[in-house]
Amino acid sequence: MAPFRTQHQTNRNAAGGPSLPMMPPIIHSSEGPVMAKADTIDHGVTEAPYERGFSPYDFNGGTTLAIAGPDYAVVAADTRLSSGYEILSRNVSKLHALTDGCVLGSAGCKTDVDQLRSVLDIKQKIYHHNHRKQMSTPSVAQMLGNTLYYKRFFPYYAFNVLGGVDAEGKGAVYSYDAIGSFERTGYSATGSGQAYIIPLLDNVIGHKNRADENRDLPAEEVVEIVKDAFVTAGERDIYTGDAVEIMVITKDGIQTTTFDLKRD
Amino acid sequence: MSILEYNGAAMIAMAGKDCVGIAADRRLGIQAQTVSTDFTKVFKMNDTIHVGLGGLATDVQTLHNILKFRMGLYELREEREMTPQVFSHLLSTLLYEKRFGPYFVEPIVAGLDAKTNKPFLSSMDLIGAPVQTKDFVVSGTCTGNLYGMCETLYKPDLEPDALFETLAQALLASVDRDALSGWGGVVHIITKDGVTTRELKGRQD
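As given, the protein sequences belong to chains Y and X, one line each in that order.
Each number in the numbering used here comes from the position in the first sequence (counting from 1) with 2 added on.
Each number in the numbering used here comes from the position in the second sequence (counting from 1) with 2 added on.
Isolated chain X (complex conformation) (with noise of 0.2 Å):
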């Protein structure tokens, strides 16, 4: 038993044509015991930008806070929004803080350049090793599956509802596989003009 694998998660953010979807399953569990099913797993830290975190819930949750803080204290301090790149190796650097001690999270970060709108997305180990990709990223505790379905279904250059329904198959065959994840998903697609959030219904067991 693996402490990331404790309470399960699966996670994906792809890239499309100026524009990012990232989507997560709803489980939350104590090893086969599910608690909730509602659980909240991406977070949207501002315009721009979504992260995912994947692992330990209670790491999950401290570090959606600390981003959230480091993230105000940037704004009061830059006088501007952050930037996905910046966002990225912050989070890079927060856990690697913790290399001896680490928090049990294996982030994904999806953004979109406020300027260019080009696609950014990163995914990173629990200690921060940083990895940049321009198709997709995903993390959790079914990412066989994941992966074989992303490999698979990717096509670059998406419009935003082709890669909805992309991020939409792939989250779903692989979470039904995987006994840690599922119970429903979430989807954000985020474009220059907005986030559209769309929930799945898929098998819930």
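With the rest of the complex left out, here is chain Y (with noise of 0.2 Å):
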């Protein structure tokens, strides 16, 4: 059995005068198990620390999409949650109604999404409880645009868009990066799918690169618009599928439906 240590270790050099301080045994793992110093309560950690690189945030996919109208706003998202390769749920929901008026939509890191929105529901309470009445749409998008800056040194990984109706029952749509840069927009898709989508709301809502006239779309179109988008982003991203869940938000309140897409 090898000796564990093979220097002996001094602070005194060979000619007998001082040298540098005692330097800690560089220990191999072909030595044997790591003994932790008798003097200091250490338990291994710091002299062979087994795991590094660890991330704190994990990607568990899917895509969301809001869309405005001139008195409606449709907010989707499909129904897929997943880590890496494998498919942890087919039906979870992405969508969460804040107020009466409007949606919030978010993908992203699903800890990070439900934590969000605990705290945006406790504030959302909070206002209601001291104003005595709900959260107006632009109100509560300011507030989470707030929120997210708040952890701008440890962001949420969440990629939100949050759809409703403005104090005038016009369609309002607001789009958002992870640390709370926020623009009212006519239409936002995000997460893993965006790129698949974007242009084609461009296209079609925006009415973008068209000669034919330009006309307000009745929200049953926009709908099949909408699954026309999950079902290409379906074809094509592979943390989009499963359903979407389509929720259409008015003055008159908010009405769901689902849509099965490919399970593959």
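Be aware that a few hints might be false.
[As the list claims (entries may be wrong)] From the structure, some residues in chain Y lie toward chain X, with a derived Cβ separation under 10 Å:
1) Y152
2) I200
3) L202
4) D230
5) A231
It is worth saying that the hints were derived from the structure and are not from the lab.
By construction, the Cβ of each residue, glycine as well, lies at the ideal position given by its N, Cα and C atoms.
Build the complex from these two chains, which are given one at a time in their own frames, with help from the hints.
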């Protein structure tokens, strides 16, 4: 059995004069298990740490989209939850109604999304208690932006899209990045399938590069466009599929429908 | 920064009823700086074959010259025109010969079989792995956008005029969301009667 320490260490050099301070011995794994120094409380962790490159984030996939109309907003998201190449569930909702007039769709890291929702729900409850009325959609939009920026240096890994009706009853959609930059837009898509969907929305909803007459689309037609968009994203994006949950928000409330997608 | 994203490109080839279409943008850039707004990336190899070369511009032009040369040699020896399938296979072999020092180009091939008028579409990666499809192929710096548009707008057996509209809308909507491609477009529709080429005017940014 080879001895642990092959060198005799001392603070004196060969000539008897002072030398460098005692360095900790280099312990090689071939010499056996790591032994903590007797004079320190150490569980071997500092000398042989075994988990390197820990990431606090996981990507659980999914795509969300929101479209604003003259008197409605449509918010939709797929219902697949995945991690790596595995599907964890085919039936998890990414949509959350924060008030009667707005719905938040979030894709990204599920735990961050859930925590963000809890925080927003609590703040919304406090607002309702203090002001004796529900938050309006632009106020919710601002609150979400502020909440995200609050964690500017350890962000919520959540890609959000907020859809609802504003105080006048007109459709409102707000797009966000992970650290709270937001803007009111006519339509938005986020998540793993956003690249497949956004150009389509530019063309069909934004009427870009088109020569035909621009007309306001009724909610039913927009829902059909949303279904087409998710069928496309489901084909080309591995993280999108199983089913789409579509919510149509008007001043009269929120209606939810589910549409099945390919489960591959 | 990937070498395949140095110059910027976007191209689609799509099959219709006894016709094929191939479209590409016109931008040549050096990373963020736009250098040319009329750079050709789609080349006519013969009456029935067009090839779109997207990627590093120097390799686009070199590969075009090499392909012209090889087609010429083939025609001299075989005394007949090359078919799209043979051309695609030639391109695949050419690229694989440079397996460990590749041409940074991801080509798409669009052709029409001379006798049956059936469309032929293929695309490959930079080392020549080929894929043949019946509907459409895409290549460039905004493939996500292109796949989304094509998947939604494509219908089988489109007539040449409808195919042109589909290609034009799919290309323009996709490049408008990509900083490295755009500055106009060009669409070629190939039928047994010839090739119709149209330029697209889109956002000039």
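Outcome of the hint check:
1. Y152: 30 Å, violated
2. I200: With Cβ-Cβ at 6 Å, under 10 Å, it holds.
3. L202: 5 Å, holds
4. D230: 6 Å, holds
5. A231: Since chain X brings a Cβ to about 7 Å from A231(Y), closer than 10 Å, the hint holds.
This entry does not satisfy hint 1, going by the numbered hints stated previously; all others are met.
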